[in-house]
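Visitor: Line by line, the protein sequences give chains A, B, C and D.
Using my numbering, read the first sequence as starting at 1044 and increasing by one per residue.
Using my numbering, read the second sequence as starting at 1044 and increasing by one per residue.
Using my numbering, read the third sequence as starting at 1044 and increasing by one per residue.
Using my numbering, read the fourth sequence as starting at 1044 and increasing by one per residue.
Since the hints were made in silico from the structure, they are not lab data.
No residue lacks a Cβ here, since even glycine has one placed at the ideal position from N, Cα and C.
Hints are supplied without guarantee of correctness; some may be wrong.
Said to hold, decoys possible - What follows is a set of in silico ranges between Cβ atoms, one per label pair, in the way DEER data are often shown:
id : chain 1 : residue 1 : chain 2 : residue 2 : range
1  : B       : Ile1096   : A       : Gly1093   : 53 to 59 Å
2  : B       : Asp1116   : C       : Ser1324   : 43 to 49 Å
3  : A       : Gly1288   : B       : Leu1169   : 27 to 33 Å
4  : C       : Asn1085   : A       : Gly1173   : 51 to 57 Å
5  : A       : Leu1169   : B       : Thr1172   : 53 to 59 Å
Claimed, not checked - Subject to a maximum C-alpha distance of 30 Å in a straight line, what follows is the list of computed BS3-like cross-link-like pairs (lysine-lysine):
id : chain 1 : residue 1 : chain 2 : residue 2
6  : D       : Lys1090   : D       : Lys1067
7  : A       : Lys1144   : B       : Lys1144
8  : A       : Lys1207   : A       : Lys1179
9  : C       : Lys1090   : C       : Lys1060
10 : C       : Lys1077   : B       : Lys1144
11 : B       : Lys1090   : B       : Lys1060
12 : A       : Lys1067   : A       : Lys1077
13 : D       : Lys1075   : D       : Lys1060
14 : D       : Lys1207   : D       : Lys1179
15 : A       : Lys1075   : C       : Lys1170
16 : C       : Lys1090   : C       : Lys1077
17 : A       : Lys1170   : D       : Lys1144
18 : D       : Lys1132   : D       : Lys1207
19 : A       : Lys1179   : D       : Lys1132
20 : D       : Lys1179   : A       : Lys1207
21 : C       : Lys1077   : C       : Lys1060
22 : C       : Lys1061   : C       : Lys1077
23 : A       : Lys1207   : D       : Lys1067
24 : D       : Lys1067   : D       : Lys1132
25 : B       : Lys1144   : C       : Lys1061
26 : A       : Lys1207   : D       : Lys1144
27 : C       : Lys1144   : B       : Lys1144
28 : B       : Lys1061   : B       : Lys1090
29 : A       : Lys1132   : A       : Lys1179
30 : D       : Lys1075   : A       : Lys1144
31 : B       : Lys1144   : C       : Lys1090
32 : B       : Lys1067   : B       : Lys1132
33 : A       : Lys1179   : D       : Lys1207
34 : A       : Lys1170   : C       : Lys1075
35 : B       : Lys1170   : C       : Lys1144
36 : C       : Lys1170   : B       : Lys1207
37 : C       : Lys1207   : C       : Lys1132
38 : D       : Lys1060   : A       : Lys1144
39 : D       : Lys1061   : D       : Lys1132
40 : A       : Lys1144   : D       : Lys1170
There are 4 protein chains.
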Amino acid sequence: MNFRTDLALERCEFLGKKTINGVKTDVIETDKAKVTRIDILNEDGAKAVGKPIGRYITVEVTPFAEHAQFIDDSLETVTEEIRNIIPEKGSVLVAGLGNSKITPDALGPKCASMIFATRHITGELLKATGLSGLRKVSTFQTGVAGETGAEAAELIKGAVNVLKPDVVITIDALAARNTDRLGTTIQMCNTGIVPGSGVGNSRQEISERTVGVPVISLGVPTVVDAATLILDCGGHNLDEENVVGQAGSMMVTPREVDLMIERAAKLTSLALNCALQPHISPEDMLILTA
Amino acid sequence: MNFRTDLALERCEFLGKKTINGVKTDVIETDKAKVTRIDILNEDGAKAVGKPIGRYITVEVTPFAEHAQFIDDSLETVTEEIRNIIPEKGSVLVAGLGNSKITPDALGPKCASMIFATRHITGELLKATGLSGLRKVSTFQTGVAGETGAEAAELIKGAVNVLKPDVVITIDALAARNTDRLGTTIQMCNTGIVPGSGVGNSRQEISERTVGVPVISLGVPTVVDAATLILDCGGHNLDEENVVGQAGSMMVTPREVDLMIERAAKLTSLALNCALQPHISPEDMLILTA
Amino acid sequence: MNFRTDLALERCEFLGKKTINGVKTDVIETDKAKVTRIDILNEDGAKAVGKPIGRYITVEVTPFAEHAQFIDDSLETVTEEIRNIIPEKGSVLVAGLGNSKITPDALGPKCASMIFATRHITGELLKATGLSGLRKVSTFQTGVAGETGAEAAELIKGAVNVLKPDVVITIDALAARNTDRLGTTIQMCNTGIVPGSGVGNSRQEISERTVGVPVISLGVPTVVDAATLILDCGGHNLDEENVVGQAGSMMVTPREVDLMIERAAKLTSLALNCALQPHISPEDMLILTA
Amino acid sequence: MNFRTDLALERCEFLGKKTINGVKTDVIETDKAKVTRIDILNEDGAKAVGKPIGRYITVEVTPFAEHAQFIDDSLETVTEEIRNIIPEKGSVLVAGLGNSKITPDALGPKCASMIFATRHITGELLKATGLSGLRKVSTFQTGVAGETGAEAAELIKGAVNVLKPDVVITIDALAARNTDRLGTTIQMCNTGIVPGSGVGNSRQEISERTVGVPVISLGVPTVVDAATLILDCGGHNLDEENVVGQAGSMMVTPREVDLMIERAAKLTSLALNCALQPHISPEDMLILTA
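So here's chain A without its partners, still in its complex pose (with noise of 0.2 Å):
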């Protein structure tokens, strides 16, 4: 494949067949959005996808530059699909990942910021809230690599040996092979993460085998790799070495990339928060959250 992609569904899509061998696919279009639900069921199908085993549910809702209020069917969607793909119950650490400091990465670090923390809400605290029956949620932003020293995997697995939550939820920014998904699309799994994958820069996988306890990887894509992007209008015309010369680190956005990754935080983080306290009305989240 001479291209890259975080998108499950592209790596299926590429494979361009009706059906992949240990690879089961379900596909719900509504109104709202449109749900593809992928399970790689097992090692041939992994070996094709390019993905580990497991679910990969991808969400394709209207481009996020229309919806401006966040509280609409598109909200409900992924809020549900999240719901379905994170335990019922338990405690819970969201990661935020990526570089702060560089627009199109900075997607995990804006969700972070505007989870709704809830461990620390406790005795007298949660008597001033008002609030009941919260599960407990607390968030951290990993920072990257070049930054910090730190792998993101350990940072987490320092975190999780402290704060003991039962599952660790990640939030990243993806690459994705078509410009279409940009901003308007947001794939979820439960095999974890392995960031920078997308972008060639792959740092150490996040998962239950390093972090000890399940991970569940929500992202939505940014940015689509420029070679990959010439090398899909061209075809087999274009020589590759050229166009990896000309756009080796370069990498395709909307224009208004600020915006979009603005409105794809806002959602993502909404729906997360509203799938961990499905008692509390988005309208409220937003209060708490604001």
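Starting from the structure of chain A, add chains B, C and D where the hints point.
Guide: Chains B, C and D in isolation, oriented as in the chain A frame:
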């Protein structure tokens, strides 16, 4: 031409001829930087290049990523070239063009905020600073018409009427055709600017004709139009309509675009400050504008 | 008076009398908000209060911290009062005053960036939006003289000459005497503004006299001058010189000043947007300006 | 004591005695800076001063506003004092404490983001950099419990367990009693820190006892508690209850707080970077961390 660029240099290169009728080109290459001076001498040259009659200087420097200190050989060359293209004396209004909320478009506003404004330094304040012989400089950020409801050209004209500068200097983020030029090139010209023309969203021209005093324009390319890059790589083999469909409103930037903009803004504003106040050293200028 | 404030309301309170010669005061208190309308009727009143002849309306609302949604009873009252003090018809220029780099001074720039500018929405763009009956609004940020070299009054005058609005509306961060008023009060007046007068750093007056069209000024107090607060608490027992020595250039803000500014800017800009375009609902306005 | 401060120096001053039982004080004053070394020797001293047994060094430098270049005599003194209080060898974890969204509390996060992390520079990357003899440094930002649901102490403990540094260095914004010390003082101590204690919002202690390795704490005072300043000015004449009513949750900062924080963060992080990697010059360190 099926590609977009704001650089006169790239427009000349595209013509692929050694000599262009009505255009005079000088190249000075030193250890420090490569300077190309293009003089469009008459309407023939203007038509061929697609730019108004006037002088266009391009300084190609060390990639911004590598000169973290900003006081080096590149600075000296850029300062010198700016000094040569602006009038020797007289008061100056520096206008930062572009949208401060869109990372690759924020060069102009960032530069404007780092310009050493002196027009208000008189009387007691002048004594307090201990400075003397200051050239009168004022600065402002125009914003963009979609956010302000007013063309940058209009706001500059209004400011010119009241502040009565002898010359306007605009600073804007540009589009290039070649990714190698992003964050490594400064273009300066004495013909003003049509903001947004490099990315297909032309605004009102800012020139002596529209604002009433001569306009010098500085710019640094920060994006390549995605369709331009693809077509450039693919030559005649590509289906142009398909490319525009895939890449229409997309742009290509280096992954570390935020850092690139930051450094380009620092170098450009420091060079302009030093060109405007030649009796102040770069070191002292950094302190005055910190 | 040994204290500083930009609020006409606090200046009247300080006089400590039921009635002031040449001043008429009306208070309307509802569940929603407390509105005080002070009319300074003649020079006697102007001298007593230390403010020019004109109307000063103060709306005291729920602390901003508590209305995260911005669409509530406070909004309605603020919108209504703004609507009453601005001309019913005609084009508008909104000028955000203050320094965007100093957190408690950034209210004006923040508001300006959230104003729904419409002056450029004509022809094809107007058709595309599906909007109609829009009042012509443009907006810009003046910056501060110490950074731009130009007085806000000058830049506004320049913009007025070119854009030809029927009225200018300024927005600025104010100083109050009472900490309870920070982030809970909006003052609006029809006499323009002398920026910085509440913190002892007066700039050129912005009024019909200096810019050529009527000026309505909106403001929210975001700081208390530290010396003012101390003297206020200490009454006649304090050594004024010592206080000014300790507190000279200091200011008092709530700990969560960043959040307070953010919310005050959102409420003020939304109310102004709704007052200017009364046929658009607050909900739709939020979408248009998101 | 009716005032709050994080500075051991101010606590000693308050006692108003030349000598305090169990406390040894040395003052070294040079052209460059004033250094005060306070050793709390035993429980008597600890009780008198209200701080744990250990060493507290305060460096009073030129106001940050005046050293825009950051490479000057102050830097040398601060670097030297940090070098003396940290272990000579061994790996280091630098933890930035505080809330990046609250301007005067953002010192810790800002510093952490400017620390030269080296722990990941090994193998090929080490060769590429051409650096050698690097002390292993990692860094992260703890956030605050109200936003993350986790105490900074917990997250640091988790990171220590995994990264296994020999020492933790925390950086935090502090509260002072005297406004003259804001942005002109760096305190360093070898006893760890109780974040928020200077502003009446104590969090879990961060010390060898709670995180398992020695903790060195650096801090710069950025606020004065408003009630403290008022009571300080008013002496015994003030009604304390009234003061707390007026000033309860208010803080006092210089008007240019954003600039002060920026510069304090630059000086502190540069001094710490130079203390940790003594073979790299400040000039080169600036380039490495730009």
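Visitor: Against each hint, give a clear statement of whether it holds in the structure.
Guide: To see whether the hints hold, each was checked on the structure:
At about 56 Å, the beta-carbon gap between isoleucine 1096 of chain B and glycine 1093 of chain A stays in the expected band of 53 to 59 Å. Hint check: aspartate 1116 of chain B to serine 1324 of chain C, Cβ distance near 59 Å, so the stated range 43 to 49 Å is violated. For the hinted restraint 27 to 33 Å between glycine 1288 of chain A and leucine 1169 of chain B, the CB-CB distance of approximately 54 Å leaves it violated. Between asparagine 1085 of chain C and glycine 1173 of chain A the Cβ separation comes to about 52 Å, which falls inside the hinted range of 51 to 57 Å.
Distance hint check: the CB atoms of leucine 1169 of chain A and threonine 1172 of chain B are about 56 Å apart, consistent with the given range 53 to 59 Å. For the suggested pair lysine 1090 of chain D and lysine 1067 of chain D, the alpha carbons sit about 14 Å apart, so the restraint of at most 30 Å is met. Between the alpha carbons of lysine 1144 of chain A and lysine 1144 of chain B the distance comes to roughly 14 Å, so the proposed pair stays at or under 30 Å and holds. Among the hinted pairs, lysine 1207 of chain A with lysine 1179 of chain A is consistent with the structure: their alpha-carbon atoms are about 11 Å apart, no more than 30 Å.
Annotation: proposed proximity of lysine 1090 of chain C to lysine 1060 of chain C holds, straight-line Cα distance about 15 Å (limit 30 Å). The hinted pair formed by lysine 1077 of chain C and lysine 1144 of chain B fails the criterion: a straight-line CA distance of about 36 Å is larger than 30 Å. Simply put, lysine 1090 of chain B and lysine 1060 of chain B have alpha-carbon atoms about 15 Å apart, close enough for the 30 Å limit, and the pair holds. Distance restraint check for lysine 1067 of chain A and lysine 1077 of chain A: the Cα-Cα separation of roughly 17 Å lies within the 30 Å cut-off, and the hinted pair is therefore satisfied.
With a C-alpha separation of about 27 Å, the suggested pair lysine 1075 of chain D and lysine 1060 of chain D falls inside the 30 Å cut-off, and the hint holds. Restraint check for lysine 1207 of chain D and lysine 1179 of chain D: satisfied, since their Cα atoms lie roughly 11 Å apart, inside the 30 Å limit. A threshold of 30 Å between alpha carbons decides the hint, and for lysine 1075 of chain A with lysine 1170 of chain C the separation of about 27 Å falls inside it, so the pair holds. Annotation: proposed proximity of lysine 1090 of chain C to lysine 1077 of chain C holds, straight-line Cα distance about 26 Å (limit 30 Å).
Between lysine 1170 of chain A and lysine 1144 of chain D, the direct Cα distance comes to roughly 26 Å. Compliance with the 30 Å bound is thereby established for this hinted pair. The hinted pair formed by lysine 1132 of chain D and lysine 1207 of chain D meets the criterion: a straight-line CA distance of about 14 Å does not exceed 30 Å. Taken as a hint, the lysine 1179 of chain A and lysine 1132 of chain D pair is broken in the structure, with Cα atoms around 40 Å apart against an allowance of 30 Å. Annotation: proposed proximity of lysine 1179 of chain D to lysine 1207 of chain A holds, straight-line Cα distance about 28 Å (limit 30 Å).
Under the criterion of a C-alpha separation no larger than 30 Å, the hint pairing lysine 1077 of chain C with lysine 1060 of chain C is consistent with the structure, at around 20 Å. In summary, the hint linking lysine 1061 of chain C to lysine 1077 of chain C is supported, as the alpha carbons are separated by about 18 Å, within the 30 Å threshold. In summary, the hint linking lysine 1207 of chain A to lysine 1067 of chain D is not supported, as the alpha carbons are separated by about 44 Å, beyond the 30 Å threshold. Between lysine 1067 of chain D and lysine 1132 of chain D the CA atoms are separated by roughly 27 Å; this keeps the pair inside 30 Å, and the hint holds.
For the proposed pair lysine 1144 of chain B and lysine 1061 of chain C, the alpha carbon gap of about 49 Å is over 30 Å, so the pair is violated. Restraint check for lysine 1207 of chain A and lysine 1144 of chain D: satisfied, since their Cα atoms lie roughly 27 Å apart, inside the 30 Å limit. Note on lysine 1144 of chain C and lysine 1144 of chain B: the hinted pairing holds, with a Cα-Cα distance of about 15 Å set against a maximum of 30 Å. Between lysine 1061 of chain B and lysine 1090 of chain B the CA atoms are separated by roughly 17 Å; this keeps the pair inside 30 Å, and the hint holds.
Distance hint between lysine 1132 of chain A and lysine 1179 of chain A is fulfilled; the C-alpha atoms sit about 10 Å from each other, no more than 30 Å. The straight-line distance between the Cα atoms of lysine 1075 of chain D and lysine 1144 of chain A is roughly 35 Å, outside the 30 Å bound, and the hint therefore fails. A distance of roughly 44 Å separates the Cα atoms of lysine 1144 of chain B and lysine 1090 of chain C; the hinted pair therefore is violated under the 30 Å criterion. As the CA atoms of lysine 1067 of chain B and lysine 1132 of chain B are separated by approximately 27 Å, the hinted pair is consistent with the 30 Å bound.
Restraint check for lysine 1179 of chain A and lysine 1207 of chain D: satisfied, since their Cα atoms lie roughly 28 Å apart, inside the 30 Å limit. Taking the CA atoms of lysine 1170 of chain A and lysine 1075 of chain C, the gap is near 27 Å; set against the 30 Å cutoff, the hint holds. A threshold of 30 Å between alpha carbons decides the hint, and for lysine 1170 of chain B with lysine 1144 of chain C the separation of about 26 Å falls inside it, so the pair holds. With a CA separation close to 39 Å, the supplied pair lysine 1170 of chain C and lysine 1207 of chain B exceeds the 30 Å bound.
At roughly 14 Å between alpha-carbon atoms, lysine 1207 of chain C and lysine 1132 of chain C fall within 30 Å of each other, so this suggested pair holds. Distance restraint check for lysine 1060 of chain D and lysine 1144 of chain A: the Cα-Cα separation of roughly 49 Å exceeds the 30 Å cut-off, and the hinted pair is therefore not satisfied. For the hint linking lysine 1061 of chain D to lysine 1132 of chain D, the alpha-carbon distance of about 36 Å lies beyond 30 Å, and the restraint is violated. The suggested pairing of lysine 1144 of chain A with lysine 1170 of chain D holds, with an alpha-carbon distance near 26 Å, which does not exceed 30 Å.
Checked against the numbered hints listed earlier, the structure breaks hints 2, 3, 10, 19, 23, 25, 30, 31, 36, 38, 39; every other hint is satisfied.
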